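Visitor: Sequence:
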Amino acid sequence: MSLLQEIQAAVIQDGTEIGPILLKLRLLASRLGSAPLEDWVKHESEGYPDDAPLPDYRIIHVSYTGTFSRPLNSGINNAPIPSYLIEKFAGEKWRYSMPSGLVCLS
Numbered sequence: 160m161s162l163l164q165e166i167q168a169a170v171i172q173d174g175t176e177i178g179p180i181l182l183k184l185r186l187l188a189s190r191l192g193s194a195p196l197e198d199w200v201k202h203e204s205e206g207y208p209d210d211a212p213l214p215d216y217r218i219i220h221v222s223y224t225g226t227f228s229r230p231l232n233s234g235i236n237n238a239p240i241p242s243y244l245i246e247k248f249a250g251e252k253w254r255y256s257m258p259s260g261l262v263c264l265s
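Counting from 1 along the sequence shown, just add 159 to a position and that's the residue number in my numbering.
Worth flagging that the hints you see were computed from the coordinates, not collected in a lab. Misleading hints may appear alongside valid ones.
Claimed, not checked - The following label-pair restraints were derived from C-beta to C-beta distances:
1. Glu205 to Tyr255: 16 to 24 angstroms
2. Gly206 to Pro230: 45 to 53 angstroms
3. Asn236 to Pro195: 43 to 51 angstroms
4. Ala249 to Arg190: 38 to 46 angstroms
5. Ser233 to Ile177: 48 to 56 angstroms
6. Ala168 to Glu205: 22 to 30 angstroms
7. Glu251 to Leu231: 31 to 39 angstroms
8. Leu196 to Ile235: 46 to 54 angstroms
9. Ile171 to Gly234: 50 to 58 angstroms
10. Pro195 to Lys247: 33 to 41 angstroms
11. Asp210 to Ile240: 28 to 36 angstroms
12. Pro241 to Pro179: 39 to 47 angstroms
13. Glu205 to Gly225: 30 to 38 angstroms
14. Arg190 to Trp253: 39 to 47 angstroms
Source: prediction; values computed, not measured. By construction, the Cβ of each residue, glycine as well, lies at the ideal position given by its N, Cα and C atoms.
Turn these sequences into a full structure, and let the hints steer you where they fit.
Guide: Laid out in C-alpha cells, this is it:
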C-alpha cells in the first residue's frame with residue numbers, strides 16, 4: 160500500500176488519531192518536494208508562528224457580554240459589549256480566539 164493510500168485509509172477510519180496521519184502527510188509532502196504542504200502540516204501539528212498568516216478556519220470571532228449593576232437592584236444582564244470597545248481597551252487580538260480555546264494574544 161502506498162503512503163497516499165495509507166493516509167486516505169486512516170482518514171476515513173473511525174477512531175484514528177490525527178497525529179500519525181499528519182506525520183505521514185508531512186513525509187509525503189517531503190517526498191513530493193511540496194514546501195507549502197509541508198509547512199501547512201508543520202503549522203497544523205506544531206502551531207503557527209507569529210509571522211505566518213493564520214488560515215481563516217483557525218480564527219473564531221469572539222463576542223463579549225457583561226452584567227452591569229446599578230443601585231436599587233437595577234442593571235442589565237448579558238448586555239453585548241461592542242467589539243470596537245474590546246479592541247480599543249484590550250487590543251485587536253482579543254476579538255478573536257483560536258479553536259483550542261486560547262485567546263490569541265501575540
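Visitor: All the hints need checking, so say for each whether the structure fits it.
Guide: Tested hints:
no.: 1; hint: Glu205 to Tyr255: 16 to 24 angstroms; verdict: holds (20 angstroms)
no.: 2; hint: Gly206 to Pro230: 45 to 53 angstroms; verdict: holds (48 angstroms)
no.: 3; hint: Asn236 to Pro195: 43 to 51 angstroms; verdict: holds (48 angstroms)
no.: 4; hint: Ala249 to Arg190: 38 to 46 angstroms; verdict: holds (45 angstroms)
no.: 5; hint: Ser233 to Ile177: 48 to 56 angstroms; verdict: holds (50 angstroms)
no.: 6; hint: Ala168 to Glu205: 22 to 30 angstroms; verdict: holds (25 angstroms)
no.: 7; hint: Glu251 to Leu231: 31 to 39 angstroms; verdict: holds (38 angstroms)
no.: 8; hint: Leu196 to Ile235: 46 to 54 angstroms; verdict: holds (50 angstroms)
no.: 9; hint: Ile171 to Gly234: 50 to 58 angstroms; verdict: holds (52 angstroms)
no.: 10; hint: Pro195 to Lys247: 33 to 41 angstroms; verdict: holds (37 angstroms)
no.: 11; hint: Asp210 to Ile240: 28 to 36 angstroms; verdict: holds (30 angstroms)
no.: 12; hint: Pro241 to Pro179: 39 to 47 angstroms; verdict: holds (44 angstroms)
no.: 13; hint: Glu205 to Gly225: 30 to 38 angstroms; verdict: holds (36 angstroms)
no.: 14; hint: Arg190 to Trp253: 39 to 47 angstroms; verdict: holds (41 angstroms)
Every hint from the earlier list agrees with this structure, and none is contradicted.
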